[in-house]
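**Q** Sequence:
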Amino acid sequence: MELILKDIQEKLKNEMYKNEEMVRSSIVVRILDSLGWDIWNPSEVYYEYPVKKFPQNLKKDENGRVDIALFISNRSDRTPEVFIETKAIDKLKGNYADYEEQLQRYNYYDKSAISVLTDGVIWKFYLPSAYGTFSQRLFNEINLKEDDISFITSVLKQVLFKENFRKTAVQAGLDMLEELKIISEIAPVKHEAELMAIKLKKFTKYELASQLLEDKYSTDTIKKYWDGKNRFEVEQIDEPLAKNEEMVTKSVDLKNFDPRGKKPNKVFIIDQWYEINSWRKLYIKVCEEIIKRFPDTTLNNYLSDDNRWSKNTDVIRLDNGKFLNVNWNSVNCVKYSIRFLENHGLEINKHFKIKEDI
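In this note's numbering, the protein residues as written are 1 to 358.
Each hint should be verified, as a subset may be incorrect.
Calculated cross-link-like contacts (lysine-lysine; reagent style DSS-like; alpha-carbon spacing at most 30 Å) [unchecked claim]:
| hint | residue 1 | residue 2 |
| --- | --- | --- |
| 1 | Lys-162 | Lys-190 |
| 2 | Lys-311 | Lys-285 |
| 3 | Lys-162 | Lys-262 |
| 4 | Lys-266 | Lys-322 |
| 5 | Lys-52 | Lys-162 |
| 6 | Lys-353 | Lys-91 |
FRET-style restraints, in silico, Cβ to Cβ [said to hold, decoys possible]:
| hint | residue 1 | residue 2 | range |
| --- | --- | --- | --- |
| 7 | Arg-293 | Arg-317 | 19 to 27 Å |
| 8 | Pro-188 | Gly-345 | 18 to 26 Å |
| 9 | Glu-146 | Lys-199 | 33 to 41 Å |
| 10 | Arg-317 | Gly-345 | 22 to 30 Å |
| 11 | Asn-95 | Ser-218 | 33 to 41 Å |
| 12 | Thr-204 | Asn-19 | 32 to 40 Å |
| 13 | Asn-19 | Leu-195 | 30 to 38 Å |
| 14 | Leu-12 | Ser-218 | 35 to 43 Å |
Treat the hints as calculated values from the structure; they're not laboratory data.
Please read these numbers as outputs of a predicted model, since none were measured by experiment.
C-beta: ideal position from N, C-alpha, C; glycine also.
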């Protein structure tokens, strides 16, 4: 498999893959073949698979057909093992939220064990059965251009090797999600633990981090994941920001901020930074994070169990099955984000910060 990946890397370097079809047939299918899938068996590798009960009303320009669906052909259970949605080269660079939302809708009813979003270079792996919003089910990512071949091979074999389906592959995804969770929870206390270790000397930084986390994780666990990186999040670093970033953060008074003619770059929501490049996506992310912490919220009645708004109102269906009114311009996206956060006891400028493009 490593020889195949090296050959693909070389072709990527020489820009030989010109469109989405080349990505699908010359990269994705080639890799699937090396992972044991019978690419010539349509009952195993199903192209343009029509998912069941696709919510077409939420996105009119989609036909409800996932690019590739994988099945175990000798099983009577025709539940899809893998959904793979392919895009042209570099389509996932920077902004992939719309494609992620598309993959989420494919899993609305006809859920796969593992779902993959790829442009041939970047491969994002999701566990549709996991808890949280769909974006929070992202458990690993590889980059065929930049990552080490051994790392790429390891991830692909754990997650997409045919013989691992479905129990072993799903467990691998769960383990990777748990690792990300531990890394994310350790990150905020690392700096404080290091400072305390210098002063106290009696305890290691790992022991102190364990205490700061109220012994949620053992010292050995914290030591194991101390240098781990969550490659899907924008890191919140305790060191001073670069001058231009610091200036933008300080200059945005959210109570009087006018987003018209501007564009967000990074957004801090409650306890984490996100890369978000539109005001509507910012508003949706704020709503998702509030719902995650306050499951019974109605968001001032802008969240509903059924789509009670008129056909002319922009509405999306969230991963919890509820409908959210998103019929806002940029000003109202920011205004209602602030209102919802404050209504749930959160502080603006502490739990909500915006860095705009400058």
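**Q** Hints first: check each against the structure and report whether it holds.
**A** Here is what the structure says about each hint:
1. Lys-162 x Lys-190: Distance of about 39 Å is beyond 30 Å: violated.
2. Lys-311 x Lys-285: Given pair Lys-311, Lys-285 holds - Cα atoms ~23 Å apart, limit 30 Å.
3. Lys-162 x Lys-262: violated, 47 Å
4. Lys-266 x Lys-322: holds, 26 Å
5. Lys-52 x Lys-162: The hint holds at about 23 Å.
6. Lys-353 x Lys-91: holds, 27 Å
7. Arg-293 x Arg-317: 19 to 27 Å: holds, 20 Å
8. Pro-188 x Gly-345: 18 to 26 Å: holds, 20 Å
9. Glu-146 x Lys-199: 33 to 41 Å: Hint holds: Cβ distance 39 Å, inside 33 to 41 Å.
10. Arg-317 x Gly-345: 22 to 30 Å: Once the Cβ atoms are compared, 27 Å apart, the range 22 to 30 Å for Gly-345 and Arg-317 holds.
11. Asn-95 x Ser-218: 33 to 41 Å: holds, 39 Å
12. Thr-204 x Asn-19: 32 to 40 Å: violated, 53 Å
13. Asn-19 x Leu-195: 30 to 38 Å: About 53 Å separates the Cβ atoms of Asn-19 and Leu-195, which means 30 to 38 Å is violated.
14. Leu-12 x Ser-218: 35 to 43 Å: Taking Cβ atoms as reference, Leu-12 and Ser-218 lie about 42 Å apart, which means the hint holds.
Violated hints for the displayed structure, listed by number in ascending order: 1, 3, 12, 13.
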